Amino acid sequence: MRTSARLTPGANRLQGGRNPYLFVSPFFVLFAIFFLVPTLASLVLALYRWNGVATPEWVGLSNFRRLFSDPVFWQVARNTTFYTLASVLILIPLGLVLALGLNARALRFKRMWRSIYFTPVVVSAAATSLVFQILLSRDAGLVNGLLGQFGLGPVPWLQSRAWVKVGVFMVVAWRTLPLLTVYFLAGLQAIPKELHEAAMTDGAGSVRRFWYVTLPLLRPVVLFVLVVVTLNSIQLFDEVQILTDGGPANASATAMHYLYSRGFERLRFGFASSVATLLFGIALSAALVEARTLGGLGIDREG
Amino acid sequence: MSRLIQKRIGHLAVNVAVAVGAVITLVPLAWMVFSSFKTTTEIFTYPPWLMPRELSLFNYESLLRGFPFGRWYLNSIFYCAVVTVAVPLVCSLAGYAFAKLSFRGRRGLFLLVLASIVIPFQVILIPMFILMSQIGWVDTPYAMTIPWIAPALGIFLMRQYSYAIPAELLEAARIDGASEFRIYWQIVLPLLKNGLAALAIIQFLSSWNSYIWPLMVLRGQESMTLPVGLAGMQAQAAGTATPYGEMMAGATLASLPVIVLFLIAQRYLISGLTTGAVK
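First to last, the sequence lines map onto chains A and B.
Each residue of the first sequence is one higher than the last, beginning at 1 in the numbering used here.
Each residue of the second sequence is one higher than the last, beginning at 1001 in the numbering used here.
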């Protein structure tokens, strides 16, 4: 086979022999052990009661029944919905506006501004959360200090059940917004300049150009960002655990925090797996949207 | 005339708005750095003020004396180094095969890779932890490295970068009788330089900053990584005053390398991040 491939170079794309399988095998071995098996195990474990030591006990769907009758679960579901909606409705439009600003022809020192804007992407959630504990402190924090200038506050950002979600969201926003801006800016830069020039010759103002040229062409990026934001919100954990540990009285806890505390602090592995299974279902629904995005990204693309 | 003025004002507004946003972006970072020179009392003095009264390094001293901070730093560097070197190699091998070699089941296997990207890793957290404890990997460097050296996103990324490799070059090497692995090593890898750099940086960052996994599988002060160690300083201090000064010193030292890396290699990072978003 290999000889014939050499004689007819055009045909040898079909004859990699065993090599392609060897090339992808390190990935698939690790993938099977550390991804596929745990995923399936998670689905099965949801039907058992297990503390990690004793023999697992089959309980059928009772984990789910207990889950749905737990008021804390519904609190956590509401909180996660809050973070997701706030991210989608506030961060996505804001990220787009920031990207438009950073892409504006009138802007000077573009490179410097972009570097500054993107820096939070690389800083850890841990470092961010710790410094925001200071910035959001009730009596001496910068945020309340600034509000005080206008006669407002002080707001107990991390102590009150009413405000804590807003406080946590501000921290998440500081780290997430730059990432979304990176995506949008890349999307804007990929739009051919000629399209804008053509629209301008036709007399379209900047608002109309944005609405009829920029936005339609940005659709795939918007969709991608939407999925990233949704998945990130479903998985939100670091900031919540460090800033408030879900408190006060679960007012800021997320689904992930619930899963973590039930699984690792109370060692209810089966129950926590039922939470994971539910998250899996939600993530998969979001994934259907993403599959469409990625579908346009080149599953069928040939070199 | 008035149109011109309007335009000028518009331009000015864009510049001012962007500058204001930049200040909001930088304030938390500046606060972190400057607070690291303040005592905890000074940090929480009203009205809040950025500049410390004096530039003193006492937080840094007490951080290094009172906490195994140096150890956390070394742990973080070690785990990151392993992942940062291994991931680009494993992923480029597979990504190149998916892009440039033909084999039965290629499409199906790649769809499997894609599907796994969108499933949140947290979903498999519990079974992964159980797996780790059953094979005795809890609190070992294995748990921090081996499960993470073949991320699906990396395969996707390397596949995208591999499309740019000209097929003629590979054909020519095959006609010269080079083995497939040699082609990969001597021709493909050098051509994938940009993609490898992008992936290495993304991996370094995600490993350096990862929180929930080390929180679960690492035990004891000595084996912590930087984020977990830092966040733990707060919990540890329960009862006594939280050492905010030391925590800010630690956060500053932990953030410094990634910020420097970002400023040097921004281009690669952004190209890697946006490969999935644009197209």
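Hints listed in this document are in silico derivations from the structure and should not be mistaken for laboratory results.
Some hints could be false.
Said to hold, decoys possible - For lysine-lysine, the following DSSO-like pairs were computed, each having C-alpha atoms within a straight-line distance of at most 27 angstroms:
| id | chain 1 | residue 1 | chain 2 | residue 2 |
| --- | --- | --- | --- | --- |
| 1 | B | K1007 | A | K110 |
| 2 | A | K193 | B | K1007 |
| 3 | A | K110 | A | K193 |
Keep in mind it's a predicted model, so treat the numbers as computed, not measured.
### Query
Straight-line Cα separation of A/K110 and A/K193 no greater than 27 angstroms?
Between A/K110 and A/K193 the Cα gap is close to 18 angstroms, so the pair holds against 27 angstroms.
### Query
Holds or violated: B/K1007 with A/K110, Cα cutoff 27 angstroms?
Holds - the C-alpha atoms of A/K110 and B/K1007 are around 19 angstroms apart, at most 27 angstroms.
### Task
Verify the proposed pairing of A/K193 with B/K1007, using a straight-line Cα cut of 27 angstroms.
Satisfied, since the Cα-Cα distance of roughly 20 angstroms is no more than 27 angstroms.
The earlier numbered hints are all upheld by this structure, with none contradicted.
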